[in-house]
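From just these sequences and the hints, can you work out the full model?
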Amino acid sequence: MRHIISILMENEAGALSRVAGLFSARGYNIESLTVAPTEDVTLSRMTVVTSGSDEIIEQITKQLNKLIDVVKLIDLAEAVHVERELMLVKVKATESFRDEVKRLSEIFRGKIIDVTSTSYVIEMTGPSDKLDAFVGALDENAVIEIVRSGPMGISRGEKGLHL
Amino acid sequence: MELSGGEIVVQSLKDEGVEFLFGYPGGAVLHLYDAIFHQEEVKHILVRHEQAAVHSADAYARSTGRPGVVLVTSGPGATNAVTGIATAHLDSIPMVIISGQVGTPVIGSDAFQEVDMVGITRPCVKHNFLVKNLADLAITMKKAFYVATTGRPGPVVVDIPKDITDPTIKIPYIYPKEISMRSYNPVVKGHSGQIKKAVDLLLTAKRPMIYAGGGVVLGNGSAELIEFSHLLNYPVTNTLMGLGGFPATDKQFIGMLGMHGTYEANMGMHESDVIIAIGARFDDRVTGVLAKFCPYAKIIHIDIDPSSISKTVKVDVPIVGQVTAVLKEMIALIKASDIKIDQTALEAWWNQVDKWRGIKCLEYDRDSKIIKPQYVIEQLYEVTKGDAYVTSDVGQHQMFAAQYYHFDKPRRWINSGGLGTMGFGLPAAIGVKLAHPDADVACVTGEASIQMCIQELATATQYRTPVKIINLNNQYMGMVRQWQEFSYESRYSQSYMETIPDFVKLAEAYGHVGMKIDKPEDVRPALEEAFAMKDRLVFMDIMTDRTENVYPMIEAGKAHNEMKLRVAPGTPINRELA
Chain A
1 MRHIISILME NEAGALSRVA GLFSARGYNI ESLTVAPTED VTLSRMTVVT
51 SGSDEIIEQI TKQLNKLIDV VKLIDLAEAV HVERELMLVK VKATESFRDE
101 VKRLSEIFRG KIIDVTSTSY VIEMTGPSDK LDAFVGALDE NAVIEIVRSG
151 PMGISRGEKG LHL
Chain B
1 MELSGGEIVV QSLKDEGVEF LFGYPGGAVL HLYDAIFHQE EVKHILVRHE
51 QAAVHSADAY ARSTGRPGVV LVTSGPGATN AVTGIATAHL DSIPMVIISG
101 QVGTPVIGSD AFQEVDMVGI TRPCVKHNFL VKNLADLAIT MKKAFYVATT
151 GRPGPVVVDI PKDITDPTIK IPYIYPKEIS MRSYNPVVKG HSGQIKKAVD
201 LLLTAKRPMI YAGGGVVLGN GSAELIEFSH LLNYPVTNTL MGLGGFPATD
251 KQFIGMLGMH GTYEANMGMH ESDVIIAIGA RFDDRVTGVL AKFCPYAKII
301 HIDIDPSSIS KTVKVDVPIV GQVTAVLKEM IALIKASDIK IDQTALEAWW
351 NQVDKWRGIK CLEYDRDSKI IKPQYVIEQL YEVTKGDAYV TSDVGQHQMF
401 AAQYYHFDKP RRWINSGGLG TMGFGLPAAI GVKLAHPDAD VACVTGEASI
451 QMCIQELATA TQYRTPVKII NLNNQYMGMV RQWQEFSYES RYSQSYMETI
501 PDFVKLAEAY GHVGMKIDKP EDVRPALEEA FAMKDRLVFM DIMTDRTENV
551 YPMIEAGKAH NEMKLRVAPG TPINRELA
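Listed in order, the protein sequences are those of chains A and B.
Residue numbering for the first sequence follows the numbering used here, beginning at 1 and increasing consecutively.
Residue numbering for the second sequence follows the numbering used here, beginning at 1 and increasing consecutively.
Pairs of lysine-lysine residues, derived as DSSO-like cross-links and limited to a Cα-Cα distance of at most 27 Å, are as follows: (1) Lys-143/B x Lys-62/A; (2) Lys-72/A x Lys-143/B; (3) Lys-311/B x Lys-62/A; (4) Lys-298/B x Lys-62/A; (5) Lys-196/B x Lys-314/B; (6) Lys-385/B x Lys-251/B.
Note that these hints are calculated values from the structure, not bench results.
And the structure:
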């Protein structure tokens with residue numbers, strides 16, 4: 001089953017490789033990983049999307065907690081939460097593509113953030129499956145490049161992952 | 001007080017009460033070694049190879065409970081230390097390893113003797129640090145000792161670039177007495193509800209087993225384990241790492257369990273209905289094949305490390321906490337409980353355990369004209385009155401030492417259990433002897449293992465550490481040969497060395513005493529003679545039976561009740577019981 005683990009950790013050099021190294025050393029899957037500092041710059045927030053049986057996920061969370069740099073973590077899949085992913089798509093914007101891509105992007109509530117005479121860069125956020133749907137709807141010949149952040153998640157309600 | 005980086009490191013070691021620093025100098029740590037030169041409080045032990053520095057410090061830690069401290073240079077010094085660090089990591093030994101690093105301006109440029117020590121050691125340390133600013137040095141040293149010695153202990157590496165220890169740059173030295181880290185809060189006390197549940201389950205057991213591991217030794221929980229076990233009168237088995245945590249001569253002790261455990265311990269585990277695992281981690285050498293592990297048992301597991309719980313074997317009552325604290329709480333609850341142990345069931349259980357004991361699975365041919373390795377260990381036990389510190393290398397001799405030297409006290413049995421590092425024994429013995437100069441220290445080894453750190457005979461000469469080396473010389477890598485006999489139709493591929501040195505001459509070359517023993521009747525007098533030489537290292541090269549195997553044995557894919565037993569002459573084996 002897919003799990004989305006949200007980790008609050010010390011914003012130290014090497015902290016990311018401790019997490020990545022743990023996953024590879026113990027043979028766990030990483031589907032995606034995003035990380036950036038939080039409002040408190042001494043802390044980073046990392047989101048790891050992984051999959052495995054309940055036993056494996058339990059081990060993953062325990063092993064992550066054991067890392068000295070990890071302050072706290074939650075498995076978002078255990079409670080109600082929202083997920084968003086950011087995607088940047090560079091597409092050909094020539095002739096027939098130019099209007100079609102713009103229309104499609106509006107339907108999916110994407111934003112065109114760079115325009116040249118032959119290309120657009122579209123910015124889109126949403127649940128990962130919405131981004132998948134957009135990519136699916138694009139003519140594959142039109143796509144030049146896709147960059148995705150991997151999902152980030154946050155729990156619903158007033159509780160948060162704090163110190 | 002204004003100090004340079006090198007002086008800060010040395011001063012922090014003094015503030016931590018470090019007696020010995022095991023190390024080897026080199027370019028990146030020259031400033032540090034100069035700071036060491038100017039003081040006498042921290043005694044530096046110059047080894048002959050960095051791996052040995054880590055093993056010596058590790059064994060110092062195992063035998064005293066205090067952290068072992070190591071200093072190595074960058075590059076090859078650091079990589080040589082890695083095997084020792086991994087050894088300490090798998091056995092949860094508190095250590096601080098200081099490694100030199102190339103100067104901060106050249107890190108990442110493939111400079112001379114540069115390796116990414118933090119990267120290399122990341123998977124085999126509890127934590128590691130790269131000190132990039134002099135201002136962080138003292139606090140980092142404090143954190144290193146704090147992390148290494150608290151919670152589940154482990155090795156911590158502090159990698160220090162050369163410019164950080166520059167003697168011309170000095171800053172005020174402030175060493176914190178206490179430290180807390182927001183991201184690291186080891187638990188001590190167990191969950192009261194879980195402890196209550198565990199006690200109720202224990203008291204209603206019909207066929208209980210106490211399975212205690214290295215956590216009892218590391219957590220100084222031996223006294224509590226003894227009280228707890230005596231209160232219940234349940235059978236006790238120890239893991240390889242737990243030996244000595246419960247007295248081997250206690251009537252409740254039924255030996256070590258696992259791959260080379262006793263018949264009674266393994267059968268007891270298999271037939272048990274309630275098992276309490278205390279500071280043990282269900283290692284694969286303990287459990288045998290997981291699918292057939294303890295099929296009838298409800299399992300209680302006390303461990304300081306949550307990730308040890310339900311890692312391989314799913315447990316029914318997990319308790320995360322320090323073993324000593326949890327056992328104390330359990331003892332109080334047992335004393336206050338209304339539940340009475342079913343004494344009839346317990347008596348029947350003991351009768352069954354005693355029947356298994358009656359098989360005498362550790363019997364061997366005592367009339368042999370060739371020296372049996374088991375006999376040597378038994379004689380060693382008698383000559384040292386069971387009170388020696390025994391270090392070992394890895395292989396058959398290690399198992400014989402574990403089976404036949406009956407450890408009554410914790411921290412006396414010093415071996416590489418988790419990583420199984422050949423070469424551990426001799427440097428370990430030196431570390432133990434430095435910590436306990438008046439105690440008898442024996443290194444039980446084999447002719448293959450001893451050669452992996454043989455150069456430490458020179459360290460022993462320099463620091464006058466008169467340990468006794470019991471070299472069980474069967475001219476084979478015995479354990480490899482045994483597996484090849486059982487699983488590869490006796491194709492002894494590369495498990496034999498054609499050129500084994502003359503160990504007597506070798507020992508003498510280093511200034512020690514060498515003895516060669518090849519008759520059973522000479523073993524006892526030679527041991528007595530060796531241990532009477534209080535101030536000399538004695539290398540006893542003992543020629544043992546080349547074909548002897550370690551029994552019982554649970555082979556790969558087998559369960560606790562599927563042991564292979566020795567068929568010794570004159571030993572009745574009731575196969576129906578098996």
